[in-house]
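Trainee: Okay, here's what each chain looks like letter by letter:
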Amino acid sequence: MSNRIMGVINLIHETDELEHLTQSRCLATVPFGARYRLIDFILSSMVNSGINKVAVFAHTKYRSLMDHLGSGKYWDLNNRQSGLFILPPATDDLQEISRGDLYHFYQNRDYFNRSTLEYVVITRSHMVCNIDFNPIIDEHEARGADITIVCKKQHDLAGKARKVKMSSDGRITSIQENYGRMLSDISSMEMYVMKKDLLMEIVETSLAQGQDHLVRHAIFSRLNKLRVYGHLYDGYLGVVNTLESYFSNSMNLLCPEVWKELFFQPGTIFTKVKDEPPARYLESSKVNNSLIANGCRIEGTVENSILFRGVHIGKGAVIRNSIIMQNGIIGENSLIQHSILDKDVRVDCNRDIRGAERLPFLAGKRKTI
Amino acid sequence: MARKEMLAMLLAGGEGKRLGVLTKDLAKPAVYFGGKYRIIDFTLSNCTHSGIDTVGVLTQYQPFELNRYLGIGTPWGLDRSDGGMAILPPHVKQKGGVWYKGTANAIYQNMEFIERYNPSYVLVISGDHIYTMDYDLMLQHHKRCGADVTIAGIEVDWKEASRFGVMHVDDEDRITAFEEKPAKPTSNIASMGVYIFTWSVLQKYLIYDEANRQSSNDFGKDIIPAMMRDGLIVSAYSFRGYWKDVGTIESLWEANMDLLAEEPSLDLSDTDWRIYSVNPNRPAQYVAAGAQVISSMVTEGCVVEGRVDRSVLFYGVQMEKDSEVSESVIMPNVRIGEGARVYRAIIGEGAVIEDGVQIGDPEDEAITVVAVGQFVANDHVLLEVEPS
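Residue numbers (UniProt numbering), protein chains in the order written: chain A, 1 to 369; chain B, 1 to 388.
If you're looking for bench data, these hints aren't it; they were derived computationally from the structure.
Heads up, none of these hints are tricks.
Below, a list of computed lysine to aspartate or glutamate pairs in the EDC-like style, where the Cα atoms sit at most 20 Å apart:
{"#": "1", "chain 1": "A", "residue 1": "K315", "chain 2": "B", "residue 2": "D309"}
{"#": "2", "chain 1": "A", "residue 1": "K343", "chain 2": "B", "residue 2": "D270"}
{"#": "3", "chain 1": "A", "residue 1": "K286", "chain 2": "B", "residue 2": "E324"}
{"#": "4", "chain 1": "A", "residue 1": "K272", "chain 2": "B", "residue 2": "D79"}
{"#": "5", "chain 1": "A", "residue 1": "K274", "chain 2": "B", "residue 2": "D272"}
{"#": "6", "chain 1": "A", "residue 1": "K260", "chain 2": "B", "residue 2": "E320"}
{"#": "7", "chain 1": "A", "residue 1": "K286", "chain 2": "B", "residue 2": "E263"}
{"#": "8", "chain 1": "A", "residue 1": "K315", "chain 2": "B", "residue 2": "E263"}
{"#": "9", "chain 1": "A", "residue 1": "K343", "chain 2": "A", "residue 2": "E332"}
Chain A extracted, bound-state conformation (with noise of 0.2 Å):
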């Protein structure tokens, strides 16, 4: 079955409100979980999925994405004939890469022409959850679907997402950005599902047509013309394109009942490798509710929180409702609440730092406070 797909993770125009977290890195690194970035979920999710090509097209901003994904042998991608490929934007002029998503797709014609694979799953990075895709062939093929667009029935998401409209049959009557008016408890999880031949010719047709955006122009249009049917995905979602969603679907991660779903079901999440040490609590450590990842030293007091890999918490700090990301160095008797760190910050000793739990306080990368 899934040795007919090949997986694009498109991150062209991926909307990253994230603030200082995306300011040196694209949203598909930004670090979640304590040892995850964003991309590992629905790169893993297209792995276990049984999906062993797949196209990253990077865009701005992507050192990070490099160095993480490297020959992609983590995911087990770096196949002697299919397996990882990083497509960064193919452009003579500069100026040619703020246009949209199609014409990156039509510069990397030749990738998908030169295939011999049948169908195509088109996603974003920052749609977290653990999805099988085999069960959405299925249904694609049993409803003779165009394109099948996965989403999700659930009505507080956080995040911006597309809101949906189906008819009771499942086929998708309008589709409207995040701001539109449209009332709807149904977002688009912006994962499609189309044979490879019906994308290049949409690619070829829309081009042509002036249009410049595969969804927002090209499927936003053919919603008459093309089947195009919805597919209700059950699982556990986080939409984390805003700062305010990351913090919220990070804080998510410490109900066991979602880590255990997300890392584990229906396949393991996996991620680039690195060599810490287990972690290490001291005698006056205190911790509760907390994710840790390797290479951790902790002597102080951890609550609702999550660690990243080879963070050191000081004697008689406290950390609560905080994110720490990789290698965050917290002295003694500090005191961090509802804060994000991002990466190598270092805290001075006796340092107060409060952000509010609707509005986390940020530290960018590499401050010292």
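Given the coordinates of chain A, assemble chain B onto it according to the supplied hints.
Mentor: Below, chain B without anything else, positioned relative to chain A:
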């Protein structure tokens, strides 16, 4: 093939009899250590950090798990197109074949492998020891002394000295006498089982030793004494740092406990000397509300709902509510049921300690061992206790 200055031959065929149930289906170098490692990770990582890119791993006893673990050496940076890691089991030649009879015979049987690289020096190490050491510094010492063989030595406690091969060293770092496990030791410098040989010399002695039917074909018992008898330059390289032979249940347990000191003498977090291993890819460890973890090491993939004190938890350990683990080593994927208690124990991979079961005794010095995959229920207690 490019000539290598020094290649390493890593002896990994040991059965580890004294580790009992832990090595029933497993070669000793593949035994777990330190929360995420296996013993052999230390020597392999040492090779990589010392600039050695060709390592022959000699296997014999229960090799499947070890072979699977080593693969083509990728985690240690040893998947190289020129050299890299080679797994060397006993094999058959035109005249037949035999098992490795002793440490020296194991190298003798693989002389053709070494000759392919035509090295100037050969490092012989054992996959049974935990230490971090720069073999390149030792090689420089070997060259400076113009030695035929250099043996790394470490000062041990006098009362422990009788467990090791001890050596007498003069002012010029030459070894004047070598005793294997003496009843009354007259020196406390123990051989670490780390040898650098000048290859042309070793080659001659391996052939000579093989021809001697009385020989046990062992480096410590036969080759080194023969070299000393012949007046070769046998020099000592004195090593300072952490070194431990984890050959017994007690020493394996102790070595794990050593890691829990506030500033352990074996620093696993040294970023310049990372210990590489196969990473199991598990999510971060989750310490639940109401759990307590102190003076311990915990690895990714663990879920801790109980109390952990002075213990090492490998990846994927699940500790349920009100469970307690103290002064213990819990190997991967063990489940410790609700209210279960574990004191001074080593629990083998995948074992299940059912709800309410108690393993070990906080008042007792002895270390309890639960075998790999063992299921321990209250009415069905199957324990292997190591007599101390």
